[in-house]
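> Line order of the protein sequences matches chains A and B.
Throughout the first sequence, residue numbering follows this note's numbering, covering 1451 to 1702 in sequence.
Throughout the second sequence, residue numbering follows this note's numbering, covering 108 to 488 in sequence.
If you are wondering where the hints come from, they were derived from the structure by calculation, not from laboratory data.
Hints are supplied without guarantee of correctness; some may be wrong.
Simulated crosslink set (BS3-like; lysine-lysine; CA at most 25 angstroms straight-line) [unchecked claim]:
id: 1; chain 1: A; residue 1: K1530; chain 2: A; residue 2: K1549
id: 2; chain 1: A; residue 1: K1452; chain 2: A; residue 2: K1549
id: 3; chain 1: A; residue 1: K1639; chain 2: B; residue 2: K208
id: 4; chain 1: A; residue 1: K1452; chain 2: A; residue 2: K1645
id: 5; chain 1: A; residue 1: K1639; chain 2: B; residue 2: K151
id: 6; chain 1: B; residue 1: K392; chain 2: B; residue 2: K433
id: 7; chain 1: B; residue 1: K151; chain 2: A; residue 2: K1645
id: 8; chain 1: A; residue 1: K1540; chain 2: A; residue 2: K1530
id: 9; chain 1: A; residue 1: K1645; chain 2: A; residue 2: K1530
All of these numbers come straight from a predicted model, not from anything done at the bench.
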Amino acid sequence: MKVAVCVKQIPDPASDYSLDPATHNLVRPAEQVLDDTDRYGVEMALQIAEQHEGSVTLVSMGPSGNLQGIRQALAMGADKAVLVDDEELKGSDSLTTAKVLAAAIAREEYDLVIAGTESTDGYSGIVPQQVAALLGIPSLTYATQVDTDGSSVSIRRQTAAGYDEVSASTPVLVSVTAGVVEPRYPTFKGIMQAKQKPVDTVTAGDLGVEASPGQAIRSVQPAPAREAGEKVVDEGEAHLQVVAALEQAKVV
Amino acid sequence: MSHFTPEHHQFRRVVREFVEQEINPHVEEWEAAQMMPLHDVFGKMGELGFLGLEYEPEYGGGGADHFFTVVFAEEIGRADHGGIGMATGVQVDMATPSLAKFGTPEQKERFLAPALRGEMVTSIAVTEPDAGSDVAAIRTRAVRDGDEWVINGSKMYITNALQADWMCLLARTSEEGGYEGMSQIIVPTDVPGFEVSRKLDKLGMRASDTGLLTFTDMRVPVENTLGTEGMGFQQQMAQFVIERMWANYSSVGGAERAIRRTADYLRERQVFGKPLIKQQYIQFKLAELTAEVEALKQLNYATAASYQRGGDPTRLATISKWKAGKVTREVADWVLQFHGGIGYMEETWTARYLRDNRLISIGGGADEVMLQVLARMDGLA
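Just chain A, same shape as in the assembly (with noise of 0.2 angstroms):
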């Protein structure tokens, strides 16, 4: 079974980071490291390409840096890395980043791709499903459960209420929530094979897309600073205003 996953160099979210004060995009530096949320999608698609005597591609936009974070997926065990590093593709929208990612996987031989439900760094929360829309191929959300029987797929959806059993036919997206597996570690072995592994660097041309980014961020305002929350002295009733301020953010 072939699979593709996306995947995202962002920096370090333990590090500080700055804006473009023109553009007001995110500065990404040299050295970047593999979305964690990415990981979780890295593991799902090497167990499958495990149990299915496959292949694990993965496939990602951005500024190549010192390719730490393709490394970094690599080692845990990928087999080749495409990458989309394109000036002009600098702060694009979702759309546009779903088009380049569906072109660079339309190039490959495919049967399954994985996708985390969102990046780190920008939370859009909606490429996987446009990328899914744009192959023509039928996306199944939110997994928290991936079985497949090589053919087919089905999935444990998540739900506010629990989650919903669903299945479609390869080829199919998949995009999966944190905990659907245990990401595995590159091991030292795995670590040293990742730098003989190819790397594919494109450009959004070689691709056939323009290289648009299709918004434009006009000013960055700072978040509010966090208010102080209301405190609850207990007289014996407290309990009663937790439960009414529980069920105001709609939490119970």
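Let chain A serve as the given structure and place chain B on it in line with the hints.
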């Protein structure tokens, strides 16, 4: 020139995450129990290739360059306690180097390969109740009886003693005195006559099990002798140098993290209406400690580079071992001081850090022995 490639950085990230997820959540439990499940932890490390970095691929090693060991030790040194760093150091850089260097293919297949996979826990048995840094004073004696050594004696302060599957033992195998007539022998711990007579209660490194061993007519095949019979002292001295380098590398990881954690705390801690870190005295002291740790780190890298080039790292490793003891004791004392009362509480990491790091100036050759070695090497003695 950087000694580190992108692969070293990847590896660092993996080890750091491993420590945060597989070690730190268990530290409180292990410290309370004065024991760690080493077969379990080493099994996980072995699967990831951590335990065999520089060893021959033929026996499951990684064939890595020495700076992977530097990275591994620095990152294990960042754990929430010193015990795992010490236990791991024994496994990869204290009990096994002589076996890898002098062992026969059969010995390596039987003892090294399972150690690198993490299936066998190992120990180094040199120190005795009356012979620590003065290794030439050891009395444990192996007398040949046919194809077997019959071994009598005792070994003290042995790390991993209660869990080890085999030990790299140094014993007298002939009547010559002083530095002559000693041999290194691999001792499986399930042989008759092997006994852990006491589990030792230590000031720090509490999760790491330490034992007093007694050998009574313990029989071990002569084929378990490592390298050249009678050259055990010389073989062991080379192994000691590698042991010291491990301790020096892991000290840096721990000290860097301790300073960073303390600075974070001092940014939060308000005294007289402002964060404590605004006090210039504190800034300067933290800067001084940072400079000391950086100096040690660069000395470590120089030692590692020399070792990697095939040079004799003894002089630099000796200097940095002495320095590591000094620096970590100073860091441990100051980070506790800057935490104030809460720093003295057992529930705060600073208390354990102080206790654990006190050992660096003693274990693996005391500060005074390092100075003696240096004085001799430089013709001062």
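> State for each hint whether it applies.
The hints, checked one at a time:
In summary, the hint linking K1530 of chain A to K1549 of chain A is supported, as the alpha carbons are separated by about 21 angstroms, within the 25 angstroms threshold. This hinted pair checks out: K1452 of chain A and K1549 of chain A have alpha carbons roughly 21 angstroms apart, not beyond 25 angstroms. Among the hinted pairs, K1639 of chain A with K208 of chain B is consistent with the structure: their alpha-carbon atoms are about 22 angstroms apart, no more than 25 angstroms. A threshold of 25 angstroms between alpha carbons decides the hint, and for K1452 of chain A with K1645 of chain A the separation of about 22 angstroms falls inside it, so the pair holds.
Among the hinted pairs, K1639 of chain A with K151 of chain B is consistent with the structure: their alpha-carbon atoms are about 14 angstroms apart, no more than 25 angstroms. Our distance criterion of 25 angstroms between C-alpha atoms is met by K392 of chain B and K433 of chain B, whose separation comes to about 15 angstroms. Proposed proximity of K151 of chain B and K1645 of chain A is supported: the alpha carbons are some 24 angstroms apart, at most 25 angstroms. At most 25 angstroms may separate the alpha-carbon atoms for a hinted pair to count; K1540 of chain A and K1530 of chain A meet this at roughly 24 angstroms.
A distance of roughly 10 angstroms separates the Cα atoms of K1645 of chain A and K1530 of chain A; the hinted pair therefore holds under the 25 angstroms criterion.
Of the numbered hints given earlier, the model fails none.
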